[in-house]
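Here is what each chain is made of, one letter per residue.
2 protein chains.
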Amino acid sequence: MQRCCPPAKVVETDFEPAAGLLKAIADPYRLTMLATLATAEDEVCVCDFTDALPLNQPTVSHHLRILREAGLVTCDRRGTWVYYQLAADARARVDHALALVFRKKVHA
Amino acid sequence: MQRCCPPAKVVETDFEPAAGLLKAIADPYRLTMLATLATAEDEVCVCDFTDALPLNQPTVSHHLRILREAGLVTCDRRGTWVYYQLAADARARVDHALALVFRKKVHA
DNA sequence: CCGTTGCATTGACATCCATCGATGTTAGCT
DNA sequence: AGCTAACATCGATGGATGTCAATGCAACGG
Numbered sequence: 004m005q006r007c008c009p010p011a012k013v014v015e016t017d018f019e020p021a022a023g024l025l026k027a028i029a030d031p032y033r034l035t036m037l038a039t040l041a042t043a044e045d046e047v048c049v050c051d052f053t054d055a056l057p058l059n060q061p062t063v064s065h066h067l068r069i070l071r072e073a074g075l076v077t078c079d080r081r082g083t084w085v086y087y088q089l090a091a092d093a094r095a096r097v098d099h100a101l102a103l104v105f106r107k108k109v110h111a
Numbered sequence: 004m005q006r007c008c009p010p011a012k013v014v015e016t017d018f019e020p021a022a023g024l025l026k027a028i029a030d031p032y033r034l035t036m037l038a039t040l041a042t043a044e045d046e047v048c049v050c051d052f053t054d055a056l057p058l059n060q061p062t063v064s065h066h067l068r069i070l071r072e073a074g075l076v077t078c079d080r081r082g083t084w085v086y087y088q089l090a091a092d093a094r095a096r097v098d099h100a101l102a103l104v105f106r107k108k109v110h111a
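These protein sequence lines are chains A and B, in that order. Counting from 1 along the first sequence, just add 3 to a position and that's the residue number in my numbering. Counting from 1 along the second sequence, just add 3 to a position and that's the residue number in my numbering.
What the hints contain is simulated information worked out from the structure, not anything from laboratory work. There's no promise every hint is true.
Copies of the same chain look alike in the list, so a pair counts if it works inside one copy or between any two.
[Said to hold, decoys possible] Under the rule of at most 30 Å between Cα atoms (straight-line distance), these lysine-lysine pairs were calculated in the DSBU-like manner:
1. Lys108 / Lys12
2. Lys108 / Lys26
3. Lys107 / Lys12
Since we're looking at a predicted model, the values are computed, not measured.
My request is simple: use the sequences and hints to build the entire structure.
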């Protein structure tokens with residue numbers, strides 16, 4: 004039987020970091036949080052999320068923690084309240100991860 | 004006690020579709036497959052993946068199915084072999100989902 | 001102080017997901 | 001037809017993930 008094809012070369016890049024970043028984003032509530040922070044162009048208090056989302060407070064805190072640990076948001080406690088902000092390079096980091104994936108073949 | 008802040012407005016967009024698309028991508032092996040298809044700029048045989056990845060054949064098939072159902076790749080059976088190709092609008096669909104999230108406030 | 005309020009953390013549970021062995025299906029070869 | 005090869009599907013299993021009640025902790029007000 005013939006070969007199936009000219010043996011294609013599977014890329015060997017380590018996509019673990021990129022996958023981790025995308026995993027942190029791949030949730031409707033976390034996307035809502037990111038979008039809110041992006042459109043606000045400013046800090047947003049945690050209570051705004053707990054008020055607006057159909058989630059209990061611990062769950063909101065959980066999602067915010069994931070975004071925080073992914074480096075996509077930063078938080079700042081002032082008094083009793085905690086304010087979240089979109090990390091300056093959040094969009095850039097995601098774009099970079101995608102560029103790593105979708106880049107075309109490099110022509111010599 | 005004072006209010007925490009001028010009540011920020013949480014966006015009400017439905018991010019389920021976007022999250023679904025990102026979830027389909029948020030895996031290192033699936034990113035590897037997409038990157039391979041992108042750099043190949045051509046079809047890639049399933050056997051190339053089963054050869055190159057440390058996964059059994061059913062697992063490779065599983066990941067390809069997820070990408071297929073997300074509309075990110077297409078497949079074409081020719082004889083015994085099945086060739087996968089990056090969907091033409093794959094990159095655009097992901098970019099659109101991200102644009103939905105990271106768009107700044109619309110100034111009236 | 002003491003009670004309250006806002007948020008984080010813990011522990012438990014249910015569900016989803018990645019992986020693989022076994023089996024099914026389709027195509028080619030003799 | 002019978003055999004083999006390539007890929008898909010099924011079923012089971014272990015690990016990851018989303019959710020919430022209970023608890024902890026820090027900051028304010030009385």
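So which of those numbered hints doesn't the model satisfy? Failing hints: none at all.
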